[in-house]
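K.L.:
With these hints in hand, go ahead and build the complete structure from the sequences.
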Amino acid sequence: MIKNISSIIFLKIFKRFFFLQVTALVLIFFVSLNISKNALEDIEAQGFKKYIKNYISKSISNFPHPDQICNDLSRDSLFLLIIDGTEKIECKSSQYSDYQAKDILSSFQKIKINQHIFAKSRITNNNSFYYYFPLPHSLGNYSVYYVSSSKSLDRIVKDMTNKHTIALISIIILFTLISILVSFRLSNPVKSIMSKITNFTDHESEEKIVEKLDEDNLTEWEVIESSFTRTQNSAQSLSISLNLEIKRFQELLDAIPDPIFSIDEEGTVLFANSSFLTQIATTNSLDDGYIGAYFLDIARHYDLKKYLDKVIDLKTNSEPLEIRIDKAGQARSFLVKANKLENSTQETNKYVCIFSDITKIKLAEKMRVDFVGNVSHEIRTPLTSIKGYVQTLESIMTEEEKEGKTQIFKVIENSCERLTNLFNDLLSLSIIDSQSDIHKELVPIRDITEQIISNCLSMYPEVDVKVHTEYSFEEFLTDPALIENILQNLVSNSFKYMGKPGNIYISWNQSDSFTKLTVRDDGEGIAEHHLPRVFERFYRVDQARERNTDDSIYSGSGLGLSIVKSSVNKLAGQISTESKANEGTQFTIVLPH
Amino acid sequence: MNALIIEDELSIANLIKVNLEAEGISADIIQHGNEAIDLIQSQKSQKYSLFILDRMLPAVDGVEICKFLRMYKSTQDKPILMVTALTSPADIISGLDAGADDYITKPFDINILKARVRSLLRRVNEESQPEQSNSKLFNHKGLRVDLEQCKVWANEEEINLTVSEFKLLCTLIEKPGKVLTRKQLVESIQGGTVHVTDRTIDTHVFGLRKKLQSLPTIIETIRGIGYRVLND
Numbered sequence: 403m404i405k406n407i408s409s410i411i412f413l414k415i416f417k418r419f420f421f422l423q424v425t426a427l428v429l430i431f432f433v434s435l436n437i438s439k440n441a442l443e444d445i446e447a448q449g450f451k452k453y454i455k456n457y458i459s460k461s462i463s464n465f466p467h468p469d470q471i472c473n474d475l476s477r478d479s480l481f482l483l484i485i486d487g488t489e490k491i492e493c494k495s496s497q498y499s500d501y502q503a504k505d506i507l508s509s510f511q512k513i514k515i516n517q518h519i520f521a522k523s524r525i526t527n528n529n530s531f532y533y534y535f536p537l538p539h540s541l542g543n544y545s546v547y548y549v550s551s552s553k554s555l556d557r558i559v560k561d562m563t564n565k566h567t568i569a570l571i572s573i574i575i576l577f578t579l580i581s582i583l584v585s586f587r588l589s590n591p592v593k594s595i596m597s598k599i600t601n602f603t604d605h606e607s608e609e610k611i612v613e614k615l616d617e618d619n620l621t622e623w624e625v626i627e628s629s630f631t632r633t634q635n636s637a638q639s640l641s642i643s644l645n646l647e648i649k650r651f652q653e654l655l656d657a658i659p660d661p662i663f664s665i666d667e668e669g670t671v672l673f674a675n676s677s678f679l680t681q682i683a684t685t686n687s688l689d690d691g692y693i694g695a696y697f698l699d700i701a702r703h704y705d706l707k708k709y710l711d712k713v714i715d716l717k718t719n720s721e722p723l724e725i726r727i728d729k730a731g732q733a734r735s736f737l738v739k740a741n742k743l744e745n746s747t748q749e750t751n752k753y754v755c756i757f758s759d760i761t762k763i764k765l766a767e768k769m770r771v772d773f774v775g776n777v778s779h780e781i782r783t784p785l786t787s788i789k790g791y792v793q794t795l796e797s798i799m800t801e802e803e804k805e806g807k808t809q810i811f812k813v814i815e816n817s818c819e820r821l822t823n824l825f826n827d828l829l830s831l832s833i834i835d836s837q838s839d840i841h842k843e844l845v846p847i848r849d850i851t852e853q854i855i856s857n858c859l860s861m862y863p864e865v866d867v868k869v870h871t872e873y874s875f876e877e878f879l880t881d882p883a884l885i886e887n888i889l890q891n892l893v894s895n896s897f898k899y900m901g902k903p904g905n906i907y908i909s910w911n912q913s914d915s916f917t918k919l920t921v922r923d924d925g926e927g928i929a930e931h932h933l934p935r936v937f938e939r940f941y942r943v944d945q946a947r948e949r950n951t952d953d954s955i956y957s958g959s960g961l962g963l964s965i966v967k968s969s970v971n972k973l974a975g976q977i978s979t980e981s982k983a984n985e986g987t988q989f990t991i992v993l994p995h
Numbered sequence: 192m193n194a195l196i197i198e199d200e201l202s203i204a205n206l207i208k209v210n211l212e213a214e215g216i217s218a219d220i221i222q223h224g225n226e227a228i229d230l231i232q233s234q235k236s237q238k239y240s241l242f243i244l245d246r247m248l249p250a251v252d253g254v255e256i257c258k259f260l261r262m263y264k265s266t267q268d269k270p271i272l273m274v275t276a277l278t279s280p281a282d283i284i285s286g287l288d289a290g291a292d293d294y295i296t297k298p299f300d301i302n303i304l305k306a307r308v309r310s311l312l313r314r315v316n317e318e319s320q321p322e323q324s325n326s327k328l329f330n331h332k333g334l335r336v337d338l339e340q341c342k343v344w345a346n347e348e349e350i351n352l353t354v355s356e357f358k359l360l361c362t363l364i365e366k367p368g369k370v371l372t373r374k375q376l377v378e379s380i381q382g383g384t385v386h387v388t389d390r391t392i393d394t395h396v397f398g399l400r401k402k403l404q405s406l407p408t409i410i411e412t413i414r415g416i417g418y419r420v421l422n423d
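Line by line, the protein sequences are chains A and B.
With our numbering applied, the first sequence corresponds to residues 403 to 995, in that order.
With our numbering applied, the second sequence corresponds to residues 192 to 423, in that order.
Just so you know, the hints here were simulated from the structure itself, not pulled from any lab data.
C-beta: ideal position from N, C-alpha, C; glycine also.
Be careful, since some hints might not be right.
[What the hints assert, rightly or not] Here are the simulated DSS-like cross-link-like pairs (lysine-lysine), alpha carbons at most 25 Å apart as the crow flies:
(1) B:Lys305 / A:Lys807
(2) B:Lys374 / B:Lys358
(3) A:Lys804 / B:Lys358
(4) A:Lys439 / A:Lys598
(5) A:Lys553 / A:Lys452
(6) A:Lys982 / A:Lys868
(7) A:Lys812 / B:Lys305
(8) A:Lys610 / A:Lys598
(9) A:Lys768 / A:Lys729
(10) B:Lys208 / A:Lys812
(11) A:Lys553 / A:Lys451
(12) B:Lys258 / A:Lys768
(13) A:Lys707 / A:Lys729
(14) A:Lys764 / A:Lys842
(15) B:Lys401 / A:Lys868
(16) A:Lys972 / A:Lys764
(17) B:Lys342 / B:Lys401
(18) B:Lys264 / B:Lys366
(19) B:Lys374 / A:Lys842
(20) B:Lys374 / B:Lys264
(21) B:Lys238 / B:Lys366
(22) B:Lys258 / B:Lys374
(23) A:Lys804 / B:Lys208
(24) A:Lys610 / A:Lys414
[What the hints assert, rightly or not] If you want the ones that stay clear, here's a sample from chain A, every Cβ over 12 Å from chain B, calculated:
(25) Ser552
(26) Ile558
(27) Leu570
(28) Phe577
(29) Arg587
(30) Asn619
(31) Leu672
(32) Ile693
(33) Lys729
(34) Leu737
(35) Glu744
(36) Lys789
(37) Thr808
(38) Tyr899
(39) His931
(40) Pro934
P.N.:
This is the structure we're talking about:
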């Protein structure tokens, strides 16, 4: 038989019912049988008692003669003996024998029969009725000993017993069926509790429970109780370890130097770490606890409130906010970012807010900007004087005075120009290479390209060149200043290194993941051994030519391509060069989105 | 014609002064920002028809002085030329937004400086002429605009402009030679339900230029800074 929890529990319950019922029924059976038997015997005896009653109620003088009684009773008797006071036998039944008489008389003694009472006994090993009654008669005091057969009664009793037994068996069968049904119904809830126990507690497998119920012979309630206790214990230890985890979590968050706090949609503070309380909170007394307080009460910063309101309204993560907090006389700048927390249940939304201290970054940035401004001013001022005064000198001189000095002026002016360009390029390069952020906006490529082309056309009027452009899209998201740097330097290089009349091709293309810019010319080209080094600062292909101050317009600072490379790098892009001497050069720039 | 030069570097201030005098413009020099502010506040600056202002002065920002000049009636409408060593667009825009009409970067070509000064003073002269200042007509280098009837002609050919384009054009021609930042242009055409951004301005100028094809150089784009209608 398959032993599983269901069958075992069912059997246990069934057994209880069954035994209970069978025991009760059997008890009832025997008791009822007994009572019935006694009742039957009483009825049997009634007859004899009635017979006796007749005489008892009569007066003594009306007692019948023993012979009469002898006649009355001898017929049906197994044994009849009437004796007088001297033990003289007055009458005896037909079956009478001396041998039998002794036994029977001693039986009468054993039974301790009382006056007028009969007894049915099995002592003498037969089912007979024993009657005794004293017969006072004028002739003397007689004793009547009468034993009659109980055969007919026995038959009746047997019949009754059979009927009883049949009834008992029928009822037992019926009650067994009822037991099965009831046990089944009763075992269901227990079964389901057991299956829950096996499901959620790891340490109670089905086999173990079967073992407990079966071999250890525990009742199902004991099994349930022990499981309960175990669950309770594990719940307690879980609660303890959970509290420990929470405490550890709090300690972890308190160890983080960045202020962090968490609020719900109403603005109630759910959590705040110690950095938040020291650096951001505006209230001095936090003894009342800050959990559950409205956040504005403990951190009175209205721009923060506005930001949080916006995040809560939009129910989404928002762009970070820069705020300044003045606390304890110390001003700090923070970058605040609020995120909505994952919410799997339907409770109200929760938000976590993290502050990053950017005071140092901002200070460094400010210092950098100030430095750039100061350097700019300090260098440009003397340059302005040089250029300006030379030009002024030229303008106030007469033609005669200028005779033979034009070249001198030109050299000074050109040198000034060179220095200015060099400084501008150095400054550009240093700004691009610095940590400053790029500012992305939608840049219309046609606009910016056309402008640069027209700049170059006016800068290099002697160059005979045709510019061809191709735009496969209108605009894209990028930093316009960096794009300008790239285009300006590449296109002006193409102009500068044309050599002979030629063409410049500028094309803009776009795919899903990147934007591509190609600047190609069919000018002088770059020799192969130079190619790997063209982007180096101050690397020049033709040292002599470029330093020639007469061709000042064509001289460059030597930083043009470095600026291009740095700009491309800042936009996280790639640049590649292809070139063949006297055939032309192509620069390809790929910018990811 | 009197000009005021506010510049802390004496050599540069003198450079400008000498060259202005060659153009027939006499110039005074102030080297300290605070002195300049005092002068403006005391209304003694009335006699100056032009201000040449250094963007970066010690103690006081050139932008502040610009704002002061624009605050007082006596100097409100006088042209301001900003001379700047700070060449980043943000710095230049902040100067223009504060009220400067034009800017020139250091080191500058004195011929360009002179040209810019001339352009600014020409506008002053034109404005001071009664019939011109009240006129609802603009006529310059092929571009004719009737502000009353809201009509535009390019080389005698009538052009159809949208409301925004027309407003933009009017703002530009109101002060020829003045560099207008995107922000200033946005403010001029912003109205009621129209939402205008910097990008919108660029688009409008692009459209305007296209429509004024026959006058390609009439609107000058100063990359990253703004636009102006040329005055020369």
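K.L.:
Go through the numbered hints given earlier and state which of them the structure violates, listing their numbers in rising order.
P.N.:
Violated hints (numbers, rising): 3, 4, 36; every other hint is consistent with the structure.
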